[in-house]
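First to last, the sequence lines map onto chains X and W. Note that the working numbering has the first sequence beginning at -12, numbered continuously upward. Note that the working numbering has the second sequence beginning at 19, numbered continuously upward.
To be clear, the hints were calculated from the coordinates, so they are not data collected in a lab. Be aware that a few hints might be false.
Once the Cα atoms are required to be at most 16 Å apart in a straight line, the calculated EDC-like pairs of lysine to aspartate or glutamate come out as [to be verified]:
(1) W:Lys37 to W:Asp103
(2) W:Lys89 to W:Glu42
(3) X:Lys90 to X:Glu2
(4) W:Lys59 to W:Asp88
(5) X:Lys29 to W:Asp56
(6) W:Lys62 to X:Asp71
(7) W:Lys70 to W:Asp88
(8) W:Lys59 to X:Asp26
(9) X:Lys90 to W:Asp56
(10) W:Lys54 to W:Asp88
(11) W:Lys58 to X:Asp26
(12) W:Lys85 to W:Glu71
(13) W:Lys85 to W:Asp56
(14) W:Lys70 to W:Asp48
(15) X:Lys(-12) to W:Glu76
(16) W:Lys89 to W:Asp48
(17) W:Lys62 to W:Asp103
Only some residues are given here: those of chain X computed to face chain W with a beta carbon under 7 Å [what the hints assert, rightly or not]:
(18) Gly30
(19) Leu31
(20) Ser33
(21) Leu36
(22) Thr45
(23) Arg48
(24) Arg59
(25) Tyr63
(26) Asn83
FRET-style restraints, in silico, Cβ to Cβ [claimed, not checked]:
(27) W:Asp88 to X:Arg48: 16 to 22 Å
(28) X:Gln38 to W:Gly34: 44 to 50 Å
(29) X:Asp26 to W:Leu101: 22 to 28 Å
(30) X:Asp26 to W:Pro26: 18 to 24 Å
(31) W:Pro87 to X:Ala(-4): 27 to 33 Å
(32) W:Ser38 to X:Gly28: 19 to 25 Å
Heads up, the beta-carbon is just placed ideally off N, CA and C, and yes, glycines get one too.
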Amino acid sequence: KQEVTQIPAALSVPEGENLVLNCSFTDSAIYNLQWFRQDPGKGLTSLLLIQSSQREQTSGRLNASLDKSSGRSTLYIAASQPGDSATYLCAVPGANSKLTFGKGITLSVRP
Amino acid sequence: DTAVSQTPKYLVTQMGNDKSIKCEQNLGHDTMYWYKQDSKKFLKIMFSYNNKELIINETVPNRFSPKSPDKAHLNLHINSLELGDSAVYFCASSQKGGGLRGGPQYFGPGTRLTVL
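In isolation and in its complexed conformation, chain X is listed as follows:
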């Protein structure tokens, strides 16, 4: 059974700092990994999807990496801004595409 872990559960950084959010998964037989953002009381916004054949995927100030063999992914956020404050979730698909989610990392970027 796939398990996805995100540690720490919460993170607070000053504005402008570069930061890394970690995600680990127990079953490395995945096809891709997806990072989402969730703002309080809102739905999930897909940030990046990285296929198993890729090592990195970039979108603006965000960069996601994937190391299947070690069961890890990281989301790198450059030059963080207060608007980046949100909960960041990673998820991996299993049988029939059902996503298994981590519990998320709640990021607070202080002005």
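Guided by the hints, dock chain W onto chain X, whose structure is given.
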């Protein structure tokens, strides 16, 4: 243009009532999903439909019944609501086999259900 939409956004009801949540996607996707996010913010799959056919049914009470009239719609009907059903319910969609070398899953804004 909203890609995945859900109605209602908020639903407050009494125990024992029956309620429905509607979901529509205009992305042309073949696969749709229902997820539940509990009070601890943990997201878990409930159902998945591919082209109107049920393909995932997790351990969910049979008071929950999904219905897909066409591949753009996946509604969730809940009978005899209980206090523990209070949660945020998210609809999502993806291309066929979205997790299998396919594209990402796109989520609706969620429906916050409160059972009193």
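Outcome of the hint check:
1. W:Lys37 to W:Asp103: holds (11 Å)
2. W:Lys89 to W:Glu42: Between W:Lys89 and W:Glu42 the Cα gap is close to 9 Å, so the pair holds against 16 Å.
3. X:Lys90 to X:Glu2: Between X:Lys90 and X:Glu2 the Cα gap is close to 24 Å, so the pair fails against 16 Å, i.e. violated.
4. W:Lys59 to W:Asp88: violated (30 Å)
5. X:Lys29 to W:Asp56: holds (14 Å)
6. W:Lys62 to X:Asp71: Violated, at roughly 24 Å.
7. W:Lys70 to W:Asp88: holds (6 Å)
8. W:Lys59 to X:Asp26: Roughly 12 Å between the alpha carbons, so the hint for W:Lys59 and X:Asp26 holds.
9. X:Lys90 to W:Asp56: holds (11 Å)
10. W:Lys54 to W:Asp88: Violated: W:Lys54 and W:Asp88 sit about 22 Å apart, past 16 Å.
11. W:Lys58 to X:Asp26: Within the cut-off at roughly 15 Å; holds.
12. W:Lys85 to W:Glu71: It holds: about 9 Å lies between the C-alpha atoms, which stays within 16 Å.
13. W:Lys85 to W:Asp56: violated (22 Å)
14. W:Lys70 to W:Asp48: At roughly 8 Å apart (the allowed maximum being 16 Å), W:Asp48 and W:Lys70 satisfy the hint.
15. X:Lys(-12) to W:Glu76: holds (13 Å)
16. W:Lys89 to W:Asp48: holds (6 Å)
17. W:Lys62 to W:Asp103: holds (13 Å)
18. Gly30: holds (4 Å)
19. Leu31: Status holds, d = 4 Å.
20. Ser33: holds (5 Å)
21. Leu36: holds (4 Å)
22. Thr45: Constraint on X:Thr45 not satisfied, violated at 15 Å.
23. Arg48: violated (19 Å)
24. Arg59: violated (19 Å)
25. Tyr63: violated (19 Å)
26. Asn83: This hint holds: X:Asn83 lies near chain W, its Cβ roughly 5 Å from the closest one there, short of 7 Å.
27. W:Asp88 to X:Arg48: 16 to 22 Å: Between W:Asp88 and X:Arg48, where Cβ atoms are some 39 Å apart, the hint is violated.
28. X:Gln38 to W:Gly34: 44 to 50 Å: holds (46 Å)
29. X:Asp26 to W:Leu101: 22 to 28 Å: holds (27 Å)
30. X:Asp26 to W:Pro26: 18 to 24 Å: With a Cβ separation near 20 Å, X:Asp26 and W:Pro26 satisfy 18 to 24 Å, so the hint holds.
31. W:Pro87 to X:Ala(-4): 27 to 33 Å: Between W:Pro87 and X:Ala(-4), where Cβ atoms are some 40 Å apart, the hint is violated.
32. W:Ser38 to X:Gly28: 19 to 25 Å: holds (22 Å)
In summary, the structure is inconsistent with hints 3, 4, 6, 10, 13, 22, 23, 24, 25, 27, 31 from the numbered list given earlier, while agreeing with the others.
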